[in-house]
Amino acid sequence: MSKFLIQASYTSEGTKGLLKEGASGRRAAVEQVVTALGGEVEAVYFAFGEDDVVLIIDLPDPVSMAAISLTVKASGALHTRATPLLTVEEIDEAARRQVPFRAPSV
1 MSKFLIQASY TSEGTKGLLK EGASGRRAAV EQVVTALGGE VEAVYFAFGE
51 DDVVLIIDLP DPVSMAAISL TVKASGALHT RATPLLTVEE IDEAARRQVP
101 FRAPSV
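Sequence positions in the sequence shown follow full-length UniProt numbering and run 1 to 106.
Do not take every clue at face value.
Unchecked claim - Computed list of lysine to any residue pairs in SDA-like fashion (alpha-carbon distance at most 25 Å, straight line):
hint, residue 1, residue 2
1, K16, P62
2, K3, K73
3, K20, Q7
Calculated directly from the structure, the hints in this document are not laboratory data.
Fair warning: this is a prediction, and the values are worked out from it, not measured in the lab.
Sequences are here, hints too, so could you generate the full structure?
As structure tokens, then:
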């Protein structure tokens, strides 16, 4: 499973929908989308400031995240950012891999 941090802000139309459905209605909608693609919602938090909602979700693969992202953005109700989250063990593995990189010389 791939884990993602989702940060989103509602457009005015999206905010109207939130006011109509309530936070629990929106959480249910998120869970429906994520579980339909074989994923799980770990956390949903509403906030104020630059982001209106913050989520942590698990999905089978990055393509599933891209499919959700495209669909949500096409709705025009939200502006979203998805950040892949890596475990300590995954970063340790990445640090052990040899990368044939040469910095540009000045």
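Which numbered conditions among the earlier hints are violated in the structure presented, ordered from lowest to highest?
Number 1 - this is the single hint that the structure violates.
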